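Visitor: Based on these hints, arrange chain B on the given structure of chain A.
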Amino acid sequence: MNNGNLLEVKDLSVVYNDSSRKAKGNKAVNNVSFTLKKGETLGLVGESGCGKTTLGRTIIRLQKECSGHVLLNGIDLCSLSPSRLRPLRRQMQMIFQNPYSSLNPRMTVLEIIAEPFTGRYSRKEKIERVSKLMVQSGLDPEMMSKFPHEFSGGQRQRIAIARSIAADPMLIIADEPVSSLDVSVQAQILNVLKSLRDSLSLTMLFISHDLSVVRYISQRVAVMYRGSIVEIGKTEDLFKNPCHPYTKALLDVVPVIDPERKIYQFNSVQSSDPDLSENSGCPVFNRCSKRKDECRSEVLKLYPCAGEEDHYCACVDSYNK
Amino acid sequence: MLLDLKNISVSFHLRGSAVHAVRSISLSISQGETVGIVGESGSGKTVLSLSLLRLLPSPPAMIKGNALFDSFDLINCPDRDIRSIRGNRISMIFQDPLSSFNPYLRLSNQLIEPLLCHKNISRKEALEIAISMLSQTGITQPHKKIQCYPHQFSGGMLQRAMIAMALVTKPAILIADEPTTALDVTTQAQILSLMKTLQQQYSMSIIFITHNLGIVAGFCDRVHVMYAGIILESAETISLFKNTAHPYTKALIRSVPSLHSTVDKLYVIGGPPYDPSRPVKGCPFAPRCEFGIAECFEEKMELTEVAPNHFTCCSRIKKGEISL
Numbered sequence: 001m002n003n004g005n006l007l008e009v010k011d012l013s014v015v016y017n018d019s020s021r022k023a024k025g026n027k028a029v030n031n032v033s034f035t036l037k038k039g040e041t042l043g044l045v046g047e048s049g050c051g052k053t054t055l056g057r058t059i060i061r062l063q064k065e066c067s068g069h070v071l072l073n074g075i076d077l078c079s080l081s082p083s084r085l086r087p088l089r090r091q092m093q094m095i096f097q098n099p100y101s102s103l104n105p106r107m108t109v110l111e112i113i114a115e116p117f118t119g120r121y122s123r124k125e126k127i128e129r130v131s132k133l134m135v136q137s138g139l140d141p142e143m144m145s146k147f148p149h150e151f152s153g154g155q156r157q158r159i160a161i162a163r164s165i166a167a168d169p170m171l172i173i174a175d176e177p178v179s180s181l182d183v184s185v186q187a188q189i190l191n192v193l194k195s196l197r198d199s200l201s202l203t204m205l206f207i208s209h210d211l212s213v214v215r216y217i218s219q220r221v222a223v224m225y226r227g228s229i230v231e232i233g234k235t236e237d238l239f240k241n242p243c244h245p246y247t248k249a250l251l252d253v254v255p256v257i258d259p260e261r262k263i264y265q266f267n268s269v270q271s272s273d274p275d276l277s278e279n280s281g282c283p284v285f286n287r288c289s290k291r292k293d294e295c296r297s298e299v300l301k302l303y304p305c306a307g308e309e310d311h312y313c314a315c316v317d318s319y320n321k
Numbered sequence: 001m002l003l004d005l006k007n008i009s010v011s012f013h014l015r016g017s018a019v020h021a022v023r024s025i026s027l028s029i030s031q032g033e034t035v036g037i038v039g040e041s042g043s044g045k046t047v048l049s050l051s052l053l054r055l056l057p058s059p060p061a062m063i064k065g066n067a068l069f070d071s072f073d074l075i076n077c078p079d080r081d082i083r084s085i086r087g088n089r090i091s092m093i094f095q096d097p098l099s100s101f102n103p104y105l106r107l108s109n110q111l112i113e114p115l116l117c118h119k120n121i122s123r124k125e126a127l128e129i130a131i132s133m134l135s136q137t138g139i140t141q142p143h144k145k146i147q148c149y150p151h152q153f154s155g156g157m158l159q160r161a162m163i164a165m166a167l168v169t170k171p172a173i174l175i176a177d178e179p180t181t182a183l184d185v186t187t188q189a190q191i192l193s194l195m196k197t198l199q200q201q202y203s204m205s206i207i208f209i210t211h212n213l214g215i216v217a218g219f220c221d222r223v224h225v226m227y228a229g230i231i232l233e234s235a236e237t238i239s240l241f242k243n244t245a246h247p248y249t250k251a252l253i254r255s256v257p258s259l260h261s262t263v264d265k266l267y268v269i270g271g272p273p274y275d276p277s278r279p280v281k282g283c284p285f286a287p288r289c290e291f292g293i294a295e296c297f298e299e300k301m302e303l304t305e306v307a308p309n310h311f312t313c314c315s316r317i318k319k320g321e322i323s324l
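Heads up: the sequence lines are chains A and B, in that order. To convert, note that position 265 of the first sequence is 265 in my numbering; the numbers rise steadily by one, no gaps. To convert, note that position 272 of the second sequence is 272 in my numbering; the numbers rise steadily by one, no gaps.
Chain A on its own, in the form it takes in the complex (with noise of 0.2 Å):
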């Protein structure tokens, strides 16, 4: 059945009108596809205000889409009813950035991780459910009746967690989960979140700007740029044969751990000022160093990678090489 894909998006595009400008909205998910299969994480990448966010908010439908098809184990989100897509939410969750404004500040522990199965248990079943939950995500079970303002950056975040795995559900989409926290808490999430992905083996959307996070968890990568995709493969070869000069450049610019890498020497991406008037062709035109004309007219499509199996990338120039 359907491929064992349980995540379609197929052609996706989201407008944000703007009353300012009428006559054209502001495209911030342009005609975007992928799948993703059980139990695969895919780490979307991008800079702010290259949609990132909004695909992850569309996909899980907290926002309206334009145009396009959002398939969840083969059932159209897009054409549902509210009362038919109802049942189909708890089968999506979704963790935040900010776990200081996602955890509701009058609700208890307890309340929060078991609000996702209100109703369907007594409450010695949810004690108990809620329990077992903080203890996949590292809580100790105990602090259950406190509130969240007790509660560090970190542990407030596995709270987030243990409330997103709570329905058992298909999909998680998290939305930068770690990029409000320390490094050393960050690394006790990033681990949080992998082991349950492998022990309950959950479908993921990892959304985030941070690429080396991103290749930690990831088993395949896609990078965002202005509401595209321009290049998605498996986490391996994106990260070790990068196609599409806009991924060779974010990665030329991320702060690694080499004192002998002058991070300040290397500034491949041209600055611009942001156009953000429609144009066809390719969306990293204005600030790729290796920039033709015929770019300008070419229509966005990904191209297959030489030599890599689903590695794709949209920049002509790597194709015809």
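Careful, some of the hints might be misleading.
[Unchecked claim] Capping the alpha-carbon separation at 27 Å, the derived lysine-lysine pairs in DSS-like fashion look like this:
1. B:Lys196 to A:Lys234
2. B:Lys242 to A:Lys240
3. B:Lys196 to A:Lys248
4. A:Lys262 to B:Lys170
5. A:Lys262 to B:Lys242
6. B:Lys196 to A:Lys132
7. A:Lys262 to B:Lys196
[Claimed, not checked] Just so you have them, the derived chain A footprint on chain B, three or more residues with Cβ under 8 Å:
8. 177 to 190
9. 208 to 218
10. 261 to 272
11. 310 to 324
In case anyone wonders, no lab produced these hints; they're calculated from the structure. Since the model is a prediction, treat every value here as computed from it, not as a measurement. For glycine and all other residues, C-beta sits at the position ideal for the given N, C-alpha and C.
Guide: Chain B in isolation, oriented as in the chain A frame:
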């Protein structure tokens, strides 16, 4: 030495309890040098930098020690003296550019303010200097852009404007408190290269405060690793990463995911995070350290030179009992 800090301590007294944010820190900075201070949140790195410019309200903050800059002691000099230095010879840039500007004022007013305060020049001259500074930070059409309000700029542009504002008076020292944390990696690389260029141009010293070990590795000449308000290790950058001499530094390095290799499980620093309200006996990292032994809790914390220009606090490293 351009700036010499001696036994700086900062504590906050609140409702009878004292929180020791910085405990007896000594370090020095010479001209043109880039010094990195790394540590996790709560390690006291921001408090240290704020106390240098006397930006902490006192009370509740109690600042002790000496910070010698020229003939001044920044900690104990009269307010009049620190006002003539702050924003003039020592400038600071902050983490969040959007909240560091006054949203009601045009950038022009904010950029010329340091000049009007410290230099005896007219508004018109000041504006010209500010415009040329703005164009040096890579902002196109500075004549037009300087008349904008902060909200009309993107984060990266605003951080450039903040750098321009900090540098209009050509300071001897720039204190940069996490200046790129709120920015994208591509913008971060641009801002860092901009800071390096301007540093070389004005032979300025930079105190770079960050939690990102990758930036420290690629940007600073010398690094101080802070934990619980104490410098645990201090070394030249290459030596710090090649011959790490403190378990905390090593643990920090190991807990960062690598860009070039895949690991199965990230290294995690165990134990509870440091609680600043509790008194520290011996090494503050000892409860979480994988090499911690009973003696670590008794040891007096002192930086000792273990290799040329490489200092550590770890007594077990000093004695040669462990190697990392």
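Visitor: Each hint should be assessed against the structure and marked as holding or not.
Guide: Status of each hint after checking the structure:
For the suggested pair B:Lys196 and A:Lys234, the alpha carbons sit about 36 Å apart, so the restraint of at most 27 Å is broken. Of the supplied pair hints, the one linking B:Lys242 and A:Lys240 holds, its CA atoms being roughly 25 Å apart against a limit of 27 Å. Restraint check: the Cα-Cα separation between B:Lys196 and A:Lys248 comes to about 23 Å, which is no more than 27 Å; the hinted pair holds. Straight-line distance between C-alpha atoms of A:Lys262 and B:Lys170 comes to about 25 Å, which keeps the hinted pair within the 27 Å bound.
With a CA separation close to 15 Å, the supplied pair A:Lys262 and B:Lys242 stays within the 27 Å bound. Simply put, B:Lys196 and A:Lys132 have alpha-carbon atoms about 51 Å apart, too far for the 27 Å limit, and the pair is violated. The suggested pairing of A:Lys262 with B:Lys196 holds, with an alpha-carbon distance near 10 Å, which does not exceed 27 Å. Note: the stretch 177 to 190 of chain B has 7 residues with beta-carbon separation from chain A under 8 Å; the three-residue rule is met and the coverage holds.
Restraint check on the stretch 208 to 218 of chain B versus chain A: 7 residues with Cβ-Cβ distances below 8 Å, three needed, restraint holds. Requiring three or more residues with a Cβ within less than 8 Å of a Cβ of chain A, the coverage given for the stretch 261 to 272 of chain B holds, as 7 such residues are present. A count of 0 residues in the stretch 310 to 324 of chain B with a Cβ less than 8 Å from any Cβ of chain A is obtained; the coverage claim is therefore unmet, three being the minimum.
The structure is inconsistent with the numbered hints 1, 6, 11, although it conforms to all the rest.
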